[in-house]
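S.K.: As a plain string of letters, each chain reads:
There are 2 protein chains.
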Amino acid sequence: MHSFKELSELFEQHFTGRQFPAQPEHLYNAAQYILSIGGKRIRPVLVFMGNELFDELHPDALHVAQAIELFHNFTLIHDDIMDKAPLRRGKATVHKTYGESTALLAGDVVLVQAYEQLTKVRSSILPNLLTLFNKTAKEVCEGQQLDMDFEQKEQVAIDEYTEMIALKTSVLLAGSLQMGAVIGGAGLGNQQHLYAFGKNLGIAFQIQDDYLDVFGDPAKFGKQRGGDIIANKKTFLQIHATTHATGADQQALNYWMKEQPEQPDEKIAAVTDIFRRTGADAWANGLKEQYYRKAIEHLDAIAVVSSRKNELRNLAEFLMMREH
Amino acid sequence: MHSFKELSELFEQHFTGRQFPAQPEHLYNAAQYILSIGGKRIRPVLVFMGNELFDELHPDALHVAQAIELFHNFTLIHDDIMDKAPLRRGKATVHKTYGESTALLAGDVVLVQAYEQLTKVRSSILPNLLTLFNKTAKEVCEGQQLDMDFEQKEQVAIDEYTEMIALKTSVLLAGSLQMGAVIGGAGLGNQQHLYAFGKNLGIAFQIQDDYLDVFGDPAKFGKQRGGDIIANKKTFLQIHATTHATGADQQALNYWMKEQPEQPDEKIAAVTDIFRRTGADAWANGLKEQYYRKAIEHLDAIAVVSSRKNELRNLAEFLMMREH
Chain D
1 MHSFKELSEL
11 FEQHFTGRQF
21 PAQPEHLYNA
31 AQYILSIGGK
41 RIRPVLVFMG
51 NELFDELHPD
61 ALHVAQAIEL
71 FHNFTLIHDD
81 IMDKAPLRRG
91 KATVHKTYGE
101 STALLAGDVV
111 LVQAYEQLTK
121 VRSSILPNLL
131 TLFNKTAKEV
141 CEGQQLDMDF
151 EQKEQVAIDE
161 YTEMIALKTS
171 VLLAGSLQMG
181 AVIGGAGLGN
191 QQHLYAFGKN
201 LGIAFQIQDD
211 YLDVFGDPAK
221 FGKQRGGDII
231 ANKKTFLQIH
241 ATTHATGADQ
251 QALNYWMKEQ
261 PEQPDEKIAA
271 VTDIFRRTGA
281 DAWANGLKEQ
291 YYRKAIEHLD
301 AIAVVSSRKN
311 ELRNLAEFLM
321 MREH
Chain F
1 MHSFKELSEL
11 FEQHFTGRQF
21 PAQPEHLYNA
31 AQYILSIGGK
41 RIRPVLVFMG
51 NELFDELHPD
61 ALHVAQAIEL
71 FHNFTLIHDD
81 IMDKAPLRRG
91 KATVHKTYGE
101 STALLAGDVV
111 LVQAYEQLTK
121 VRSSILPNLL
131 TLFNKTAKEV
141 CEGQQLDMDF
151 EQKEQVAIDE
161 YTEMIALKTS
171 VLLAGSLQMG
181 AVIGGAGLGN
191 QQHLYAFGKN
201 LGIAFQIQDD
211 YLDVFGDPAK
221 FGKQRGGDII
231 ANKKTFLQIH
241 ATTHATGADQ
251 QALNYWMKEQ
261 PEQPDEKIAA
271 VTDIFRRTGA
281 DAWANGLKEQ
291 YYRKAIEHLD
301 AIAVVSSRKN
311 ELRNLAEFLM
321 MREH
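Note that the protein sequences, when read in sequence, are chains D and F. The first sequence begins at 1 in the working numbering and counts up by one. The second sequence begins at 1 in the working numbering and counts up by one.
Isolated chain D (complex conformation) (with noise of 0.2 Å):
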């Protein structure tokens, strides 16, 4: 068994360097260039966690963590376009560097070498495992239409949000864990759970983010604080307080939320002290807490020996404890 440091290197190894081929130069410049933007590559260090905790690493977790990988960058680049996003990553978007129409052929590009990757798993798991993909990237393509739904929704309940975040993030953490049980050769019941603390811990990981934006430590957390509010972006806090906030809070709520100063300073204070008063912070962490619960109970339950869980369990906790 290998720690989630080791994990990140050996797969590091295999997807540095071009995946993809000259020519048309554009169309393959522009796919390959979302992957050498990086990031925590934490998807496919779940498909090989999955994995491990059933059995020897299997060369299939290669081929799956880069279709997973693939996959994820596939969204990153639609998502950019239908966002109009200008950066990812503190780099310029695939879309503002190679234009969007490139771009968006680009993430259709990438989504099929994901599958190429699938592709060359031994065929007694490759139906299952395309099964489970095909599910997880049709929930991940829902979740980013709930998103564009909900921003054009004055009211979302906490529970269609929760569902919305569930899909959009979750289900693919999800996903990878899973698939990784598959390689390892785990029953069904085994796999339910390892999926049920991939969905819960997602969902835990997303609460604490729209926390951290608010109250985090902005020299540790590396983001400008607020900038959900900024953005007036619905987040677990801003859903609670608007459901919560009376009288001129729920004034004060409702004018920030349609404005956009230039100097935010005045609007983050007192939307901040508005997430205070209601509660929110209190309550977000208490749910963040819940999920946690939920997703530790979920790995409790998988039938193999304790020891072998350690690695996921210091991964859960590393993502709970975190200030950025």
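Simulated from the structure, these hints should not be mistaken for laboratory data.
No distinction is drawn between identical chains; accordingly, a pair holds when it is met within one copy or between any pair of copies.
Distance condition first, Cα-Cα at most 30 Å in a straight line; then the derived DSBU-like pairs of lysine-lysine:
hint, residue 1, residue 2
1, LYS233, LYS96
2, LYS96, LYS153
3, LYS153, LYS84
4, LYS294, LYS135
5, LYS120, LYS309
Since the structure of chain D is already known, use the hints to place chain F on it.
M.R.: Then chain F, alone, in the frame of chain D:
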């Protein structure tokens, strides 16, 4: 063995009705919309014909036929976004109806649905079919990129243009036939001849398409004559004329290729005359004939009783005889 018409009806029986879930509504309505616009369903019928050339129709042919038609519709959605096309078969395009972001995402989900159909085939041929499908999918993307690249180029050689056409349109026809052949249990040699038949026929078809746009009978062709000339599109005729025109014709062609007159009749007449004087019309007919003959040679070389080839021979003749 069945006729084109019978196979086309068989396909429609299974392809009508909603292919997608109800929710998220915008996403899946957009995906369903492109399917409802219809089309000639040539590619799924080619899957059936490829199967029937070697054996009785197998249920897998229906899965693959649907996968191919879904893939084709995915390319239509994304190509229309890239081309900023307002209309597709006389109806508003998906992005005009649902917006660019939802159209982009709907294209993605239609592609995933194609893979989902493919996943249903028996596992003994799944790896082979997936590999073929992925190869074809990447080539179609490459063709679209080259097409966009060529728009920016002053001069394109006939070989480059033919390669682009082969990737953008022919390989999907050829791949459909070969995937049918795999389902029918054909050996690799026969598969390759059938693929080459489809690829050469596809190029012949495109030459004919370019020819009919200028010299066809508008009443039969169903489109305005000279549409490609108005749009300054590179075609087999245009590239031949650009290479062979001299003196005043060369100057006139250069002039018209940059001109966008409100009344295009004069432009169409002038360019058509240059095509005639440079012999582009006779040259195109000869080139079409060459590709058609090559296609038939490959069909002849397939090692099955000749009578099994009748439907494909009829189809090829019909496509070459068409005036529309």
